[in-house]
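S.K.: Using this note's numbering, you'd call the opening residue of the sequence shown number 18 and step up by one each time.
You may find that some hints are simply not true.
Beta-carbon label-pair distances, calculated as ranges [said to hold, decoys possible]: (1) A225 x K178: 27 to 33 Å; (2) E118 x P270: 33 to 39 Å; (3) R334 x G287: 52 to 58 Å; (4) T252 x S301: 35 to 41 Å; (5) T245 x H77: 40 to 46 Å; (6) T245 x A331: 26 to 32 Å; (7) A134 x T254: 29 to 35 Å.
No lab work stands behind these hints, which were simulated from the structure alone.
Glycine included, every Cβ here is placed at the ideal spot set by N, Cα and C.
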Amino acid sequence: MTTPMLDLLHDCDPGNDDALAILAALGHPAVRLLAVTTGAGHLASDRTAINAAITVAAAHPLVAPVCEGSVGPLLRERLIARILDMESALDPARDDLARVELDPQHSVDRIAAEAAAHPGLTIVATGPLTNLALALRRHPRIQPLIGRIVTLSGAWGLGTKTAAAEWNILCDPEAAAIVYGSGIALTMVPVDASGTVPITHALIDRVAALPAPAAKLAAELLASLRATHRPNILTPTEAPLHDPCAVLVAAQPGIAKTVRARVDVETSPGLNYGRTVVDFLGRSDKPTNCDVVIEFDIEATQEALFASIASIAALQRGDVEAGSIIPAAHQTKQQQGTR
Numbered sequence: 018m019t020t021p022m023l024d025l026l027h028d029c030d031p032g033n034d035d036a037l038a039i040l041a042a043l044g045h046p047a048v049r050l051l052a053v054t055t056g057a058g059h060l061a062s063d064r065t066a067i068n069a070a071i072t073v074a075a076a077h078p079l080v081a082p083v084c085e086g087s088v089g090p091l092l093r094e095r096l097i098a099r100i101l102d103m104e105s106a107l108d109p110a111r112d113d114l115a116r117v118e119l120d121p122q123h124s125v126d127r128i129a130a131e132a133a134a135h136p137g138l139t140i141v142a143t144g145p146l147t148n149l150a151l152a153l154r155r156h157p158r159i160q161p162l163i164g165r166i167v168t169l170s171g172a173w174g175l176g177t178k179t180a181a182a183e184w185n186i187l188c189d190p191e192a193a194a195i196v197y198g199s200g201i202a203l204t205m206v207p208v209d210a211s212g213t214v215p216i217t218h219a220l221i222d223r224v225a226a227l228p229a230p231a232a233k234l235a236a237e238l239l240a241s242l243r244a245t246h247r248p249n250i251l252t253p254t255e256a257p258l259h260d261p262c263a264v265l266v267a268a269q270p271g272i273a274k275t276v277r278a279r280v281d282v283e284t285s286p287g288l289n290y291g292r293t294v295v296d297f298l299g300r301s302d303k304p305t306n307c308d309v310v311i312e313f314d315i316e317a318t319q320e321a322l323f324a325s326i327a328s329i330a331a332l333q334r335g336d337v338e339a340g341s342i343i344p345a346a347h348q349t350k351q352q353q354g355t356r
């Protein structure tokens with residue numbers, strides 16, 4: 018019996034690790050990537066859309082529409098990040114990087130359209146949750162149509178941007194509160210868990226050895242993340258994989274251990290603004306609302322990423338027939354017409 022493909026929409030703010038997550042979604046054999054929706058996060062919305070377009074182009078002949086979305090959070094000015102890794106692997110000034118044409122539909126409306134067209138849709142969010150919150154508010158009919166949201170956000174322990182808050186949540190706590198309180202099935206991939214999956218030299222070398230454009234870009238992304246990692250007493254020694262972990266656990270739930278918990282987002286001003294309050298022990302009177310990843314199988318997660326990139330590389334080298342591995346949603350109109 019054939020296992021059905023996972024219909025997936027990736028909402029993100031590329032960024033090197035988001036770009037790796039896009040490649041993981043495009044190449045994973047269990048995933049049908051329906052769209053990539055982008056918004057402001059580490060970078061402005063126009064730049065994150067360009068970065069996503071560059072990434073999808075590198076995976077040709079695999080395709081997915083790329084949409085630009087929210088320019089900032091719901092209620093306040095956008096946070097400005099000091100990011101060291103953005104100009105290296107995804108610099109739009111590089112003349113060796115093509116990009117796909119952006120889809121004119123706004124990310125928020127694309128989310129609603131895909132949810133309506135594909136009931137049970139899985140949404141993986143690896144950036145601020147603004148697009149999702151707006152989609153749920155603007156198109157409330159989609160709430161029961163979304164099967165699950167897997168979000169790389171929050172922490173059960175200390176924050177990453179402040180002592181209390183992780184970056185993706187802090188970018189828009191009010192949006193995060195809407196999503197976490199939506200009643201939709203949720204998987205939270207906190208940085209406490211994704212931070213345990215390292216980007217090793219061995220992984221980079223294996224990816225770099227694959228002779229294909231997607232693998233070349235992926236190796237550059239991995240190397241850039243590793244080179245710009247700044248460990249401290251609260252962060253791992255080796256650069257963590259982070260965003261691809263969310264896509265991979267959506268596609269392969271067995272690579273992670275989860276625990277049911279209640280997760281609320283603090284939206285009151287003060288030191289705890291943006292904190293994800295994770296109640297594993299049922300101390301509040303609120304029902305659980307989230308499957309929280311507490312542990313990854315490190316080798317299985319690294320291998321899943323490598324296998325996804327290797328799948329794209331094999332297609333680009335012509336080692337496999339395109340029609341045998343490209344889901345319909347990943348095919349160009351020309352490919353669909355010749356099958």
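S.K.: For this structure, which hints from the list above don't hold up?
M.R.: 4, 5 and 7
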